[in-house]
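K.L.:
In case you want the letters, here they are:
Protein chains: 2
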Amino acid sequence: MRDRKGQKGHAVKLKDIGEFGFIDKIKHDALIREYLGLVGIGDDCAVFRVEEGKSILLTTDMLLERVHFLREVMTPYQIGYKALAANLSDIAASGGLPKEAFVSIAVPEDLSLEELLELYDGMKELARKFDVNITGGDTTTSLQDLVINIALTGEIEEDLALYRSGAKAGDYICVTGFLGDSAAGLDLILNHRKEMHNFPQLIKQHFTPIPHIEQGRAVSRSRLANSMMDISDGLASDIRHISKASKLGAILYEERFPHSEEFQKYLAEFNPDYLKTAIGVGEDYCLLLTVSQQNYARLKEVLNNLGHQFYNVGEMAEGEEIHIVYKNGRKAILELSGWDQFKEH
Amino acid sequence: MRDRKGQKGHAVKLKDIGEFGFIDKIKHDALIREYLGLVGIGDDCAVFRVEEGKSILLTTDMLLERVHFLREVMTPYQIGYKALAANLSDIAASGGLPKEAFVSIAVPEDLSLEELLELYDGMKELARKFDVNITGGDTTTSLQDLVINIALTGEIEEDLALYRSGAKAGDYICVTGFLGDSAAGLDLILNHRKEMHNFPQLIKQHFTPIPHIEQGRAVSRSRLANSMMDISDGLASDIRHISKASKLGAILYEERFPHSEEFQKYLAEFNPDYLKTAIGVGEDYCLLLTVSQQNYARLKEVLNNLGHQFYNVGEMAEGEEIHIVYKNGRKAILELSGWDQFKEH
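Chains as they are written, first to last, in my numbering: chain G, 3 to 347; chain Z, 3 to 347.
For the record, the hints were derived by calculation from the structure and aren't laboratory data. It cannot be assumed that every hint is accurate.
No copy is singled out in the list; a pair is fine if it fits within one copy or between any two copies.
[Unchecked claim] Calculated pairs, DSS-like style, for lysine-lysine (alpha carbon to alpha carbon, straight line, at most 30 Å): (1) K170 / K29; (2) K333 / K56; (3) K196 / K170; (4) K196 / K249; (5) K246 / K17; (6) K27 / K249; (7) K56 / K29.
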């Protein structure tokens, strides 16, 4: 038997300890919070209560090796971290607090037990940070690719949840972080590996982004915003979801797109397709929201006072088209549509 | 491009309509129940309320092509049906009612849109039968194998949930259906295809089993049982979970194992390893429960009056060993441990 680095491997494999042996190993540290009435871990179902007056949030994401990540490029720790981060970002986008994570994982033969535990360590670090339990899941073999599915629950007060459908014409379109850092990080990782060390923030933003749970919570509790989602496929794609759900158009202003210093340096050095990198690739995992012009300054203050970023990048408009106003003042329909993995690119 | 049957395929593919086009297609009929306060379909999270005084149940299962099913052997309809059936069985095992299903699916290039919709039809038939919404999920590409992960929620009154850990010494061990039909069906499908038509019930029990939701509900509402789970890996394996969780041993009586007429006929005709087929392969998806000797007759009456099967196959005992009493009266430690896919068989 050979491990994935090609040497003869004597690493412990999942089959040496079996599924139930593995569950015993990952149980440790998985419950970092004594949850209200949580019982039944390791049972057919997890059983948990919900605080009175709160609604349940549920989001689920499936990640496949070679489609969503490469094991040659990411460490198991980074894979586990990022899988949970993507789900946390969805809970953030509703304005809720994350609670219980259910991790299904299909494990190929060449992944050692040590690597698998490292993957769980990546998830557990993020879980600890946001008070999330790893409550259950399913573990199975895979003949080839590593597959991870996380279903994550959250809670929110019934009247505070924010949706994509609430935007109003005239609303300012705002984001809670820099655009394009993750896309630039990915380009460095895939195409400029020798330069990676000069761009630590871009790399970090791609591998281990911090989900905007605190920002989402501040927005929902302020009751000032009209709609919210997270940027996973890129602003160019995701603003279309708010537009479609709210039956409106939108105008984006290129000159307002917020960028980090490292991103500016990356642009100067590698001269990539700017618009595609900034708004067409995604995985920013910051929040995209709309707020009335009247409430804008107050919401910006709420977020800035908590030490969070908040930038106005456009306005919702009547109609259904997405327009962009370029830096040179030219206004055009935005053709770029972001990431839809099923369409040929 | 060739379809999976080898002919040149002109079938519509997922990439022709994109992820969001696909979501529009499966939305139809997905919500078969106007759920209490359900909003946010197609949003970052599903948002739903829970009736006051009820707990949430959550179970999740991942199924991979070539590990859990073969596309050469099962129709897309059967794959979809069985994926949801396995999850429904977990909700049944807690005594609850299923509510919201979240379906993540990784779709290989050679699966046509028509086949994919057929897979959803299989899920939807079962969802309709048990009043379950297909509430959300995630759709992604796969480079090789079809992968399905379902996360299913349920509800249960807080004091009615049944666990593996509640068994008491002396409890009768009971099952709500025949043992081994699915295992026999699988053997016919894989090794005796020409004889399949003579065993329609065994084939049905393997491909499209009916989860024991009604039985589980009757058991939990009766408040007569002490512990419950479903048989997915075979009685020989699953009784070990109740034993371990309840810190007890168990005695099974071979002569009491309930079998269908077709199973008896299959045994006579093919002479397989009896014990392995009956209790070592699994996917029976009936319920395994323990009940005090005092409550046994009343619980049997409850189930039989509703037209359901109920059989006593053994007793919980002090200690931690699982014993079997063979038909010839010999008592021995049960070596057979059922299905653990990670262990070498």
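K.L.:
Of the hints given before, which are not true for this structure?
P.N.:
Of the numbered hints, 2, 3 and 4 do not hold.
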